[in-house]
Amino acid sequence: MTALVYTGVRKTFGSTVALEGLDLVIESGELISLLGPSGCGKTTALRICAGFERPDAGRVSVSGSDITDLPAHKRNMGMVFQSYSLFPNLTVQGNVEYGLRTRRLAKDDMRKRVGDMLDLVELSTQAKRYPHQLSGGQQQRVALARALAVQPEVLLLDEPLSALDAKVRTTLRDEIRRIQTELRITTLFVTHDQEEALGISDRVGVMSEGRLEQLGSPTDVYRRPSSAFVARFVGSMNELPATVAGPDALRVDDLVLPMSVGPAHRQGDVVRLLVRPEDLHLVDDGGLPGSVTSTTFQGASTTVTIRLDRLDRLVSLHTSGSEAAHVTPGDRVRVTVDAAHGLCESAGAPSPAVRDADDAA
Amino acid sequence: MTAVAPPVADSELVTPPTGRAGRRRNPIGRLGQALVVVAAFLFFLMPLVAMARFSLQSVPTIRLNWSTLFEGWSISGVTKAFSSPQFWDALRMSVQLAVGTVALTLGLLLPTAIWVHLRLPRARAFIEFLTVLPYVIPAIALVAGIKVVQPHARWFLNSPYSLIPFYVILALPFTYRSIDAGLRALDLRTLVDASRSLGAGWGTTLVRALIPNLRTAIISSAFLTMAVVLGEYTMAQVLLRDTLPTFLQVFRGPEPRGSYGLALLMLLATTMLFAVLSVATRPRGRNKADKASTATIAAATDEPPRKPNP
Numbered sequence: 001m002t003a004l005v006y007t008g009v010r011k012t013f014g015s016t017v018a019l020e021g022l023d024l025v026i027e028s029g030e031l032i033s034l035l036g037p038s039g040c041g042k043t044t045a046l047r048i049c050a051g052f053e054r055p056d057a058g059r060v061s062v063s064g065s066d067i068t069d070l071p072a073h074k075r076n077m078g079m080v081f082q083s084y085s086l087f088p089n090l091t092v093q094g095n096v097e098y099g100l101r102t103r104r105l106a107k108d109d110m111r112k113r114v115g116d117m118l119d120l121v122e123l124s125t126q127a128k129r130y131p132h133q134l135s136g137g138q139q140q141r142v143a144l145a146r147a148l149a150v151q152p153e154v155l156l157l158d159e160p161l162s163a164l165d166a167k168v169r170t171t172l173r174d175e176i177r178r179i180q181t182e183l184r185i186t187t188l189f190v191t192h193d194q195e196e197a198l199g200i201s202d203r204v205g206v207m208s209e210g211r212l213e214q215l216g217s218p219t220d221v222y223r224r225p226s227s228a229f230v231a232r233f234v235g236s237m238n239e240l241p242a243t244v245a246g247p248d249a250l251r252v253d254d255l256v257l258p259m260s261v262g263p264a265h266r267q268g269d270v271v272r273l274l275v276r277p278e279d280l281h282l283v284d285d286g287g288l289p290g291s292v293t294s295t296t297f298q299g300a301s302t303t304v305t306i307r308l309d310r311l312d313r314l315v316s317l318h319t320s321g322s323e324a325a326h327v328t329p330g331d332r333v334r335v336t337v338d339a340a341h342g343l344c345e346s347a348g349a350p351s352p353a354v355r356d357a358d359d360a361a
Numbered sequence: 362m363t364a365v366a367p368p369v370a371d372s373e374l375v376t377p378p379t380g381r382a383g384r385r386r387n388p389i390g391r392l393g394q395a396l397v398v399v400a401a402f403l404f405f406l407m408p409l410v411a412m413a414r415f416s417l418q419s420v421p422t423i424r425l426n427w428s429t430l431f432e433g434w435s436i437s438g439v440t441k442a443f444s445s446p447q448f449w450d451a452l453r454m455s456v457q458l459a460v461g462t463v464a465l466t467l468g469l470l471l472p473t474a475i476w477v478h479l480r481l482p483r484a485r486a487f488i489e490f491l492t493v494l495p496y497v498i499p500a501i502a503l504v505a506g507i508k509v510v511q512p513h514a515r516w517f518l519n520s521p522y523s524l525i526p527f528y529v530i531l532a533l534p535f536t537y538r539s540i541d542a543g544l545r546a547l548d549l550r551t552l553v554d555a556s557r558s559l560g561a562g563w564g565t566t567l568v569r570a571l572i573p574n575l576r577t578a579i580i581s582s583a584f585l586t587m588a589v590v591l592g593e594y595t596m597a598q599v600l601l602r603d604t605l606p607t608f609l610q611v612f613r614g615p616e617p618r619g620s621y622g623l624a625l626l627m628l629l630a631t632t633m634l635f636a637v638l639s640v641a642t643r644p645r646g647r648n649k650a651d652k653a654s655t656a657t658i659a660a661a662t663d664e665p666p667r668k669p670n671p
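Line by line, the protein sequences give chains E and F. Residue 1 is where the first sequence starts when you use my numbering, and the numbers rise one by one after that. Residue 362 is where the second sequence starts when you use my numbering, and the numbers rise one by one after that.
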């Protein structure tokens, strides 16, 4: 069953186009992330769903009924905000009760619901505390409980983790996913952090300049990006100059790599090959020669940056712990490319959007 | 002289301390600071002491010196004022005006300031400028304007309560600043959005989410308004109204001592008002936070060890 549908939703602020005709269908009980650089329209999409912004054109419907013209307080949405949004004058309990009071729930039902919600976010012992007595992570958990207490049709999460430090962020991220699966609540999660999006979503929508570039499972978006923008924005990418050697082959320097090039490029075209770091490997023979410029130890793996001699280009790849011990800056190495998951892009195509995205991220 | 009180108190209430003064550590600097404080204290206190002696000592003015310091103190002048029925009428009128002005100020200012913060943030500087105007333009100029239109609006201006809207304007420099500072301290947009997404309309949002969090700002703007109304003389005098300040002026003829005694009393009352204000607006929940030591730990370390749930 479809829970939330955007049809041709368009929104401009002055001369800036925030959303350029968004079409999106979210199934009931699904968690969809909208991922994109700042200014891509993801937050606008969320705020339109919440009723805080009115679209210039297009419709939004929830469970089959059109809510485009409904004011925010008459929609049944639960929202968690980026900044701490708890009412400072109310206790944890008072905050969670807020939405229930506006719905005029009976006292006993209210008490029970609040208790359940605080159990769910594991904060039952803090019910009498005021927001300023809680840590950031606790505050966001209360905000989550408050949003869920009203039993919303859709849960809207507007970068709820971005104000938290790294460790709390991971814990709370997993907790959000656990609660979401437990309650089977339809959730729209807006983030600029690809790790968050890939980590907890059923599907990820990558947005750029008001458009949905790709919507698919985290694996799809990462492994089969539909555009160079998605490829570069989600995860990191190596770029190599290449020539099309045939419908199923690409030549990079003196290596001929098997790869389905696609109908857009003809033999002899000069293109750019985009490959993930995990598709590059260190080898003893063959491959492209280069020298290690830096290594970054990351615990389980090490990222090695290599300057390729003949292409005069920096590439990075991951090595596992034991292998990494032998690699130090200045070493001569050889690199092979597995282009099967790579992406081909015309060399003339500019990629300003991606540059902006990198800056924003 | 009561009219002097609001601006002083205002700057104390609204502008946060800059923290420059306490930074010097050397003893000569400290001494210098102490001297300045003492000098300022004397400068403000001496006239008050003189006024107290004049009004509360039944000693001829020419004999008021060190040797007569403890002679003939009495409050008979002030009690004479209390026995005058005009005093009670004037007091009642002033209190009514004060209450009316506070009500109208808050009723108009709160929604307006919130709306400006939410919808017209760029107009904030302009609105702030507008609200300072009554402070820059003397009250006598305003009342001259009122006099010009009076023949055309007698139905309104003949009522003693017609002073209320003008007092709202006179108090604007203080009240708007106070409310504005309160709003700046809140994440207004998020609070409003959160409240609305939880099913609260604008009215409920205002009453349940915003007003409790603007408590300090509202209380201080109310007290500031009262101080302005209780001290305003020019308009009341020109429009021939019997308020406390105009009563003082009239009373000064037959009873100069009593009149200054009363003025002193009003100054004391205003000071008390601000003392009450600073106690009433102390942030809530702080004491509780200090008592609950675990809470302070929770605030200091980001994620405290979570207790397992039964």
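A few of these clues could be false.
Restraint ranges, calculated between C-beta atoms of paired labels, are given here [claimed, not checked]:
{"id": "1", "chain 1": "E", "residue 1": "D69", "chain 2": "F", "residue 2": "D450", "range": "52 to 58 Å"}
{"id": "2", "chain 1": "F", "residue 1": "P526", "chain 2": "E", "residue 2": "S65", "range": "44 to 50 Å"}
{"id": "3", "chain 1": "E", "residue 1": "R211", "chain 2": "F", "residue 2": "A486", "range": "32 to 38 Å"}
Computed footprint of chain E on chain F; a stretch qualifies when at least three of its residues, placed anywhere within it, have a C-beta under 8 Å from a C-beta of chain E [claimed, not checked]:
{"id": "4", "stretch": "507-513"}
{"id": "5", "stretch": "556-563"}
{"id": "6", "stretch": "567-576"}
Source of the hints: derived by calculation from the structure; they are not laboratory data. Each residue gets a CB set at the ideal place from its N, CA and C atoms; glycine is no exception.
Mind listing which of the numbered hints don't hold for this structure, in increasing order?
Number 4 only.
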